[in-house]
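Here the protein sequences line up with chains U and Z, keeping their order.
Taking full-length UniProt numbering, I'd label the letters of the first sequence as residues 1 to 384.
Taking full-length UniProt numbering, I'd label the letters of the second sequence as residues 1 to 384.
Just so you know, the hints here were simulated from the structure itself, not pulled from any lab data.
Don't take every hint at face value.
Same chains, same label: a pair holds when it works inside one copy or across any pair of copies.
Straight-line alpha carbon distances no greater than 20 angstroms define the calculated SDA-like cross-link-like pairs of lysine to any residue that follow [claimed, not checked]:
1. LYS128 - PRO159
2. LYS261 - ILE216
3. LYS41 - PRO231
4. LYS341 - PRO303
5. LYS97 - ALA44
6. LYS97 - ARG46
7. LYS230 - ILE107
8. LYS226 - PRO133
9. LYS230 - VAL30
10. LYS165 - TYR142
11. LYS204 - MET185
12. LYS97 - THR76
13. LYS201 - ILE92
14. LYS128 - SER150
15. LYS226 - GLU85
16. LYS230 - THR76
17. LYS202 - PRO133
18. LYS261 - PRO303
19. LYS230 - ILE25
20. LYS41 - VAL232
21. LYS148 - ASP237
22. LYS335 - VAL232
23. LYS128 - TRP141
24. LYS226 - MET185
25. LYS202 - PRO248
26. LYS323 - VAL81
27. LYS261 - ARG347
There are 2 protein chains.
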Amino acid sequence: MLLLSFFAFNGYAQENLNFGKQKEIISPEVHENGTVTFRLKAPAARKVEVQGDFQPAGSNSAGTDRMVLNADSVWTFTTKVLPSELYSYSFIVDGLKIRDPNNVYLIRDVASVVNVFLVGKGIADLYKVTDVPHGTVSKRWYNSDGLKMSRRLTVYTPPGYESTKENYPVLYLLHGVGGDEEAWMQLGRASQILDNLIATKKVKPMIVVITNGHTINSAAPGESSKGMYKPVMMTPDVFNGDMEQYFPEIIKFTESNYRIKKDKANRAIAGLSMGGFHSLYISANYPNTFAYVGLFSPAILPPSNNQQPIYQQLDKKLSIQAKNGFKLYWIAIGKKDFLFKNVETYRKKLDTIPLKYDYVESEGGHTWSNWRAYLTEFLPLLFN
Amino acid sequence: MLLLSFFAFNGYAQENLNFGKQKEIISPEVHENGTVTFRLKAPAARKVEVQGDFQPAGSNSAGTDRMVLNADSVWTFTTKVLPSELYSYSFIVDGLKIRDPNNVYLIRDVASVVNVFLVGKGIADLYKVTDVPHGTVSKRWYNSDGLKMSRRLTVYTPPGYESTKENYPVLYLLHGVGGDEEAWMQLGRASQILDNLIATKKVKPMIVVITNGHTINSAAPGESSKGMYKPVMMTPDVFNGDMEQYFPEIIKFTESNYRIKKDKANRAIAGLSMGGFHSLYISANYPNTFAYVGLFSPAILPPSNNQQPIYQQLDKKLSIQAKNGFKLYWIAIGKKDFLFKNVETYRKKLDTIPLKYDYVESEGGHTWSNWRAYLTEFLPLLFN
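The whole structure should be built from the sequences, with the hints applied where relevant.
In structure tokens form, the structure reads like this:
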């Protein structure tokens, strides 16, 4: 068969072929009942463990589970029934943390790359690609005069954007200190959440603009002229005020490049962790701009640059923001979040301003599991 | 420092932090002189090798290089000087092939995920993101009435598209049997090549539409309702004629959704391997549609469905195509390509039709290295 030689010959792909010599290894295998089986062929290994954020299902204190070697030299472990979620995991082979070679679905978080899988029949059904109309996701560059560089954005336009003449409301969605303009799509499953919730009419069709909050960078690692460097979390721009100061450039770009309803009632801003901090200060400094503000596990921490006017007279700014009025000021945090107390203190401040907020206290900590869930709760509240 | 606790606490990111306890491992390190050093910390390993497409720099017949353990439990290997290229590689630890945990830059090819790095000062400078104006890259869905599904495309619009009212020429760019609508951007570095060549005016600003040539799929693995399955290369749609038959839907979608110059002189089609086969039959079956045709290592193989009218009377169709006229019929193949003889036979057929073609014979085989290079050679020939 010529076709067979075609497939056999096709460079790297050779290793993907299976001529019946050995059983194809499927890992992870998500079973109907919500248990998950991991498999790794590693004949020379002495000890293989799996480590993931589905643990402490983990059978030991290190939060790992031992995998068991079967007759085919395949190490195997099956979890207990897992709640619906997007999970990540690694294997540990004789102390070395590796990716699952049979799972091509990977997500980068700062300098770590982990395998992921979805367990459905619950909240993670919103994180799946389903057969509903899909929005368009674009990587696009805007010019920042203030930061003196061209910078990359991710823009979601909803189904129907291209086939109608309508104007749409807009949500600016900001990432945390480890993220960039890719994080909300990759780790946050934002386009799937939007597609799925817009399809069931639980969420109004809207444009979502996902920015890069590290103002020394023009784009995510590997996507700028800095090349393929090893990503770091800590950059000199963190809490220095540049993101907040130059945010109006992003609004201006968005409103002059997309069909946007350009009024406060149709403008929302939300962010997680550092992006919650940014959303707080952006909405306070431009206090008549956003009708909707979402602070997801906001990093209420001292700014690194106290001299920045952006960070001064916060109480006064919040007071003006409150007087100007808004539709929703929404705060969510997990009970185990290390920022819980900081957010509690901030809520007390808001009570004294007073600035009326909605508050959601969830289980868990400072995790993408919470931020995805917060997004699914926050979006239906917008533009009603 | 509160900020420090913020970074230390940040979930998965913890493993990315380095509090001075151990030296940060950089791998790969691309040196100024074009050598590359790989490093892997694996104290328990007995044998560590590196395997990549930069070999046969490989020191043994398996095309691997042994890495050497140094005093810090870090295994190390430095290559000889490498020609400029985008390379991929894996580590092999005691027989187990793994990714480099210090390199977050990964590319999927069918079911394999490999690490990549760039060596510059040559052709790969075109594969780098540089500080030139960037086009917009969108993931967008069109409705296929013929295939009865919504399907995903990657669309590149050039710098200036959004800020002018101009119409643009269009290139339809097709992938091989292992690919999908992501392959030309991920493995092919198409957006970088386009940005860089448009910036130096070597290439006319154009819209590039990258399709998914597996007609049983609506999108790349993980991007459709089929979920996160293990990708396979062989699907029942290969060479069955559906891609060619329903291609006019894609042209229609493109021309009604983008500012396109809608005439033959401004329409090009090109593809690699299976996509070259598709481009051949699409341009022959719609023989007055494309002024430019590019066949990159085309998979000139018997169709799987000989009954398909698309595949019948090829000589007659080519003859009509030749008589209708065109600007360029461009064929490129590597001397070591397993399809070399098939392409030679096809060229003889074209000589007898006659259909005048341009022919480039390169070194090497059926590889992305060639396809990236062919794209850089083909693009400047378009729309002049």
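Now the hints, each set against the structure:
no.: 1; hint: LYS128 - PRO159; verdict: within (17 angstroms within a copy, 33 angstroms between copies)
no.: 2; hint: LYS261 - ILE216; verdict: neither (30 angstroms within a copy, 39 angstroms between copies)
no.: 3; hint: LYS41 - PRO231; verdict: between (30 angstroms within a copy, 18 angstroms between copies)
no.: 4; hint: LYS341 - PRO303; verdict: within (17 angstroms within a copy, 67 angstroms between copies)
no.: 5; hint: LYS97 - ALA44; verdict: both (16 angstroms within a copy, 12 angstroms between copies)
no.: 6; hint: LYS97 - ARG46; verdict: both (14 angstroms within a copy, 16 angstroms between copies)
no.: 7; hint: LYS230 - ILE107; verdict: both (15 angstroms within a copy, 16 angstroms between copies)
no.: 8; hint: LYS226 - PRO133; verdict: between (36 angstroms within a copy, 15 angstroms between copies)
no.: 9; hint: LYS230 - VAL30; verdict: between (32 angstroms within a copy, 12 angstroms between copies)
no.: 10; hint: LYS165 - TYR142; verdict: between (23 angstroms within a copy, 18 angstroms between copies)
no.: 11; hint: LYS204 - MET185; verdict: within (19 angstroms within a copy, 32 angstroms between copies)
no.: 12; hint: LYS97 - THR76; verdict: both (16 angstroms within a copy, 18 angstroms between copies)
no.: 13; hint: LYS201 - ILE92; verdict: neither (43 angstroms within a copy, 50 angstroms between copies)
no.: 14; hint: LYS128 - SER150; verdict: between (33 angstroms within a copy, 16 angstroms between copies)
no.: 15; hint: LYS226 - GLU85; verdict: between (34 angstroms within a copy, 17 angstroms between copies)
no.: 16; hint: LYS230 - THR76; verdict: between (32 angstroms within a copy, 18 angstroms between copies)
no.: 17; hint: LYS202 - PRO133; verdict: within (14 angstroms within a copy, 38 angstroms between copies)
no.: 18; hint: LYS261 - PRO303; verdict: neither (33 angstroms within a copy, 52 angstroms between copies)
no.: 19; hint: LYS230 - ILE25; verdict: between (31 angstroms within a copy, 10 angstroms between copies)
no.: 20; hint: LYS41 - VAL232; verdict: between (32 angstroms within a copy, 19 angstroms between copies)
no.: 21; hint: LYS148 - ASP237; verdict: within (14 angstroms within a copy, 49 angstroms between copies)
no.: 22; hint: LYS335 - VAL232; verdict: neither (28 angstroms within a copy, 43 angstroms between copies)
no.: 23; hint: LYS128 - TRP141; verdict: between (28 angstroms within a copy, 16 angstroms between copies)
no.: 24; hint: LYS226 - MET185; verdict: between (22 angstroms within a copy, 19 angstroms between copies)
no.: 25; hint: LYS202 - PRO248; verdict: neither (29 angstroms within a copy, 36 angstroms between copies)
no.: 26; hint: LYS323 - VAL81; verdict: neither (50 angstroms within a copy, 66 angstroms between copies)
no.: 27; hint: LYS261 - ARG347; verdict: neither (31 angstroms within a copy, 57 angstroms between copies)
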